[in-house]
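Novice: So the chains spell out like this:
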Amino acid sequence: MQPDLEIDRVSKSYGAHRAVDALSLAIERGSFFSILGPSGCGKTTLLRLIAGFLEPDAGEVRIGGRSMRGVPPNHRPVNMVFQHLALFPMMSVGENVGYGLARRGLAASLIRERAAAMLRRVGLPGAESKRIDQLSGGQRQRVAIARSLVLEPTLLLLDEPLGALDLKLREHMKIELKQLQADFGTTFVYITHDQSEALVLSDHVAVMNAGRFEQVGTPQKLYYEPRTPFVAGFVGENNRLSGVASRADAEVVELETRGLTVRVRATGAIVPGAAVEAFVRPEAIALARAAGESFPSAQRFAGRVESLLFDGANSAVLVREERSDSEFRIALPQTGGFADLRVGEAVVFGFDPQRALCFAAAGA
Amino acid sequence: MSAPAGAELAAPRTRIGLCLLFAPALVWLVGLIVLPHVDLAVLSLRARVAPRTYELSLDNYRSFVDEPLYWHTFARTAVMSIFATACTLLIAFPTAWYIVKIARGRAKSVLLVLCLIPFWVSETVRTLGWMILLRESGVVPKLLVAAGLADQPPELLYHDATILVGLVYTSLLFMVVPLANALESLDDALIEAAYDLGGNAWSILRQIVIPHAAPGIAAGSIVVFMLTLGNYLTPMLLGGKNSLWFTEQIYAQFITRFNWEQGAAFGFLLLGLSTVIVWLGLALAGQRFGDVMRRA
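Chains as they are written, first to last, in the working numbering: chain G, 9 to 372; chain D, 3 to 298.
Worth flagging that the hints you see were computed from the coordinates, not collected in a lab.
Keep in mind that the hints are not guaranteed to be accurate.
Which bits of chain D does chain G cover? Going by a derived footprint, with three or more residues having C-beta under 8 angstroms, they are [as the list claims (entries may be wrong)]:
hint, segment
1, 191–197
2, 201–213
Quick list of simulated restraints, FRET-style, between CB atoms [stated by the list, open to error]:
hint, chain 1, residue 1, chain 2, residue 2, range
3, D, 151, G, 116, 50 to 56 angstroms
4, D, 187, G, 25, 26 to 32 angstroms
5, G, 179, D, 105, 39 to 45 angstroms
6, G, 79, D, 96, 23 to 29 angstroms
7, D, 244, G, 141, 49 to 55 angstroms
8, G, 79, D, 151, 42 to 48 angstroms
Quick reminder that beta carbons are idealized off the backbone N, C-alpha and C, glycines included.
Using the sequences provided together with the hints, build the complete structure.
Specialist: In structure tokens:
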């Protein structure tokens with residue numbers, strides 16, 4: 009199938025700074041695609057290149073198979089939901105939604121009809137005559153999306169639109185956004201620095217760092233099989249161990265860190281003596297009270313509880329390992345068996361080497 | 003019981019403090035604006051029937067209606083002022099836009115200061131500067147001859163266009179500042195959003211920028227219009243004897259003719275004129291005076 013958006017070795021520099029560095033990407037029709045990265049990684053520049061507010065120094069953006077070189081934003085089949093939504097305060101809700109249609113020269117009665125139909129679809133029936141400042145944050149969000157989708161764009165770009173909302177509403181809008189996308193079937197390109205938004209919403213995620221894509225894949229792939237240390241560290245919680253590989257074969261690496269030897273799974277070629285980094289998910293680590301309990305993991309370490317991070321289903325403990333003095337974040341099992349765990353208590357913990365990923369250290 | 007008693011004691015004290023605080027403004031308002039106007043109103047409504055005897059009459063206003071020169075000058079002043087205000091707006095809008103939306107960092111403040119710098123010099127000297135440039139033996143006519151655009155130096159002073167140039171130049175800052183304030187608060191994302199949704203430069207200006215800047219436009223226009231209407235020096239120096247500005251009529255009645263009654267009547271007519279035109283302008287633009295003044 010013809011991808012809706014193709015980016016072909018696109019670059020953009022500001023002075024000596026390469027904001028977007030020879031990026032290539034293809035996004036399938038009807039998918040929810042996120043670009044995830046820390047602030048300053050170039051994701052906003054990339055979005056503005058797609059929207060047409062910037063022209064690439066090199067490379068080409070194709071939308072629906074058509075080259076966008078020299079096409080200004082008002083002639084691209086792309087619409088954008090801005091970070092602070094940018095609804096027009098001088099217009100009513102209906103006029104906001106009808107603005108783009110009016111610019112296309114549609115008859116006033118047709119504009120009213122389509123705007124009303126679109127507002128019904130986003131769950132704001134009859135809101136046409138309201139002023140923007142009479143709407144709640146969530147309603148404004150829907151108006152902003154309605155204003156773009158009423159133009160039936162090939163692509164909808166969203167520039168961290170949930171960033172300004174409070175936590176509860178953000179959680180709610182995440183679900184709503186996903187439902188809206190499934191409903192309309194429009195291809196969404198969503199920009200965020202919040203990994204949970206990207207993981208929950210997307211079919212595919214591109215993790216971006218320093219103007220390049222570190223990895224493009226499904227949320228599951230990014231989470232369970234990160235290809236670079238950056239992705240492992242950026243997507244989800246992870247424990248990071250850095251040290252030297254004392255022994256290595258194709259499968260398992262023995263990592264030496266401050267007197268502690270940890271066995272981890274090798275990704276890529278690692279030679280003994282090389283500096284390495286390993287990542288273990290908090291939920292991959294099994295925890296047990298100190299004495300004599302049966303313990304499934306192949307390798308075990310002893311430590312003391314340093315602090316308890318209670319957060320309902322996401323509760324964790326920070327445990328300081330005794331020999332290396334390094335800190336591990338360990339997810340608490342949902343059984344409630346550790347509800348009475350105290351700070352300072354001695355524990356044992358361990359993990360399967362297969363669930364810890366080892367990379368050659370960055371820059372090595 | 004002691005607390006309420008204390009509160010009762012404190013209340014008059016704050017009231018006195020408040021009165022003291024408002025006193026200078028009140029003295030200024032009553033002493034320099036209300037009282038003279040009351041006096042002028044009384045003056046304008048009396049006619050001298052014999053030396054030192056006066057009676058209540060509308061003669062001063064009647065002579066305004068009967069004498070075509072007064073009428074003519076009055077209407078001309080109004081039309082020229084409106085035209086000068088419109089010209090100022092047309093020049094100030096791109097200037098303010100450039101200062102606020104295009105200039106960055108240092109350039110921004112330098113440009114604003116450049117708008118302000120002419121006000122270091124007194125209005126008389128500034129206007130005389132224009133005369134040095136534009137009079138027959140002045141800089142601009144000589145340049146025109148040197149460039150071969152004129153056979154002999156043309157007289158550029160004493161035209162209506164010259165008065166307009168002077169008035170626009172004097173008023174520019176009072177338009178740029180409220181406009182810059184209004185445009186400063188316009189989020190660039192709104193312009194981008196409109197562009198993204200298919201708007202072009204003209205429709206964005208008309209539907210997004212002007213509605214947003216409307217209070218600033220109205221505030222600047224009111225200030226410039228009032229300054230222009232009440233200007234005396236610029237029309238007189240740049241327009242000469244034929245400038246026919248209504249303030250000159252008032253001056254002539256008070257100082258040359260020593261007819262204070264007639265001058266007072268003219269003063270009131272000018273006040274009425276500016277009030278009516280400002281009110282009409284606000285009504286046409288759909289703006290409220292209070293909102294506009296908050297932006298100025």
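Novice: Against each hint, give a clear statement of whether it holds in the structure.
Specialist: We went through each hint and held it up to the structure:
1. 191–197: holds (count 6)
2. 201–213: holds (count 6)
3. D:151 to G:116: 50 to 56 angstroms: For residue 116 of chain G against residue 151 of chain D, whose Cβ atoms are near 52 angstroms apart, the range 50 to 56 angstroms holds.
4. D:187 to G:25: 26 to 32 angstroms: Between residue 187 of chain D and residue 25 of chain G, where Cβ atoms are some 30 angstroms apart, the hint holds.
5. G:179 to D:105: 39 to 45 angstroms: holds (42 angstroms)
6. G:79 to D:96: 23 to 29 angstroms: holds (27 angstroms)
7. D:244 to G:141: 49 to 55 angstroms: Given range 49 to 55 angstroms: holds, Cβ gap about 54 angstroms.
8. G:79 to D:151: 42 to 48 angstroms: Holds, at about 45 angstroms.
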